[in-house]
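Peer 1: Residues per chain, in single letters:
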Amino acid sequence: MQTQEKSRERQAPRASGAGEGVRLEDVSHAYRDRRGTKVQALAGVSLRAPRGSVLAVVGPSGCGKTTLLELICKLQEPDVGAVVSEPAVLMPQRDLLLPWLSAVDNAALALRIGGDARGRARTRGAALFAELGLAGFEQARPHELSGGMRQRVAFVRTLLSGKPVLCLDEPFGALDAITRQEMQEWLTGALVREPRTVVLVTHDVEEAIVLADRVAVVSPRPGRVVAELTVDLPRPRTRTNPSVVALREQALHTLQLGAR
Amino acid sequence: MIRRILHFLPAVLLALALLGAWELYVDLGTVSSIVLPAPHEVAAEAWNNAGLLGANLELTAQEVGLGVLLALILGFVLGVLIHLSPLLRRAVYPLAVGSQAVPVALIGVLHVFWWGFGVLPKLFVIVLICFFPVVVTTVDGLSSVDPDQLKLLRTLGASRWQALRFGELPAAVPAALSGARIALAVGVIGAYIAETSTATSGPYAGLGHQINADINALQTPRAYAAAVVLFVFAIACFYTLAMAERVLAPWAQKPRGEVH
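These protein sequences, in sequence, are chains A and B. If you read the first sequence in this note's numbering, its first letter stands for residue 1, the second for the next number, and so on. If you read the second sequence in this note's numbering, its first letter stands for residue 1, the second for the next number, and so on.
So that you can see chain A by itself, here it is in the shape it has in the complex (with noise of 0.2 Å):
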């Protein structure tokens, strides 16, 4: 905990007339596919991520995870309710690293992009590389890189845009699973020493409750809260801990449900 205030500290989110953390209110949202056909992604969605939380929304594939997120980050507005967050940013599925730009230079983006000038960005983003086990990759181009140490600096550039609220999108849905179980490990090291308000799609149950204080799951198409469970175990968690087991079979039981 004590780390958590320091960084906090060092960090601190800016501060935001939009209250804290994330807040959605009976959120509805259609949005029109290739074919101009209205898909109905989101309706009646309620769901609260506050300060500092990690929230997991788990759900098929197709229940509107993406869309949520969206709206979260800003990049559309809700057709039904509100939605009221701290600004927020979105890390993609894919990492979409510039294959122009070393692994340093990819995770400054941000700064960059805020005006700073290349070597100052440079070594903010070192200095982060440092306190996050990636010390030494720093110059690697994105395609020497394995495909965890690409979320990794994904996620680093993420952390660097500044913004209080983080929005994964299935972060780790492209890795292996021993990758994976390596990445859960990293993700809940790194928002301990720098932490934000999370919001984590993923349609991995297991996932969801190693890393999430709170799992919103929610139903195929359109998209509704069927359920939502609070993980109130300590950290770091393991899959094969008996209480994430036992969470997980209540989420699987709630999910089925659900798909029905």
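To be clear, the hints were calculated from the coordinates, so they are not data collected in a lab. Note that the coordinates shown come from a computational prediction; the quantities given were computed from them, not determined experimentally. Among the hints, erroneous ones may be present.
Result set (DSS-like, lysine-lysine): computed pairs, CA atoms no more than 30 Å apart in a straight line [claimed, not checked]:
| no. | chain 1 | residue 1 | chain 2 | residue 2 |
| --- | --- | --- | --- | --- |
| 1 | B | 151 | A | 38 |
| 2 | A | 74 | A | 38 |
| 3 | B | 151 | A | 74 |
With chain A held as given, fit chain B onto it using these hints.
Peer 2: Just chain B, lined up with the frame of chain A:
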């Protein structure tokens, strides 16, 4: 080193075979050396006129270098403008295509009228011939960026200019360099056209001008010697640019570092 030699061996062997066939054709046949000089005559002529050829090459090389450089700048700028503005795309693209059909001899005279007998009218002709491939490849390169990558830049707060600066421009560099290779290859023949379609004052007028004058004076072997110099010059230009690409766009290189 041996690999290097082996790499160029096929080209050398093919060139030798063609030279041998040419030599045989002239030696056995009834062709006069005014119509087609044998390779050994051309070689002797090149040796005896090394000074003249060198001086003319210097002039032609300057024209090609400057002309292609200007064409690259013009082509790249036009490409970016066309990419950014649908209005300019509609206004400029058809005219740029049409400009490729303008018979150079027609306007060569006009340019002498405007700019006299110096290097300017020749540069204009070379630019006119060379800029088009750069425009086309640049436009393609700029629109080849992953749209998700641009979306990501936007979520990190990038302005339109910053999206161009960090996303589209670097992505377009490999394509623009491909355009540059075409421009350079065309630029050498462009210099020939420029020299023969505009008037020149001074003791040396470039290899193209020399070739025409020599053919008219029935000094065919020397014309061939000049053509061989142009031939070698074009190859050297092409490979110099290929090496420059490794420095300018290392991320676009094939893993084994093969030149094209």
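Peer 1: None of the hints should be skipped; say for each whether it holds.
Peer 2: These are the hints, each one checked on the structure:
1. B:151 x A:38: 22 Å, holds
2. A:74 x A:38: Status holds; Cα separation ~20 Å.
3. B:151 x A:74: Holds: residue 151 (chain B) and residue 74 (chain A) sit about 13 Å apart, inside 30 Å.
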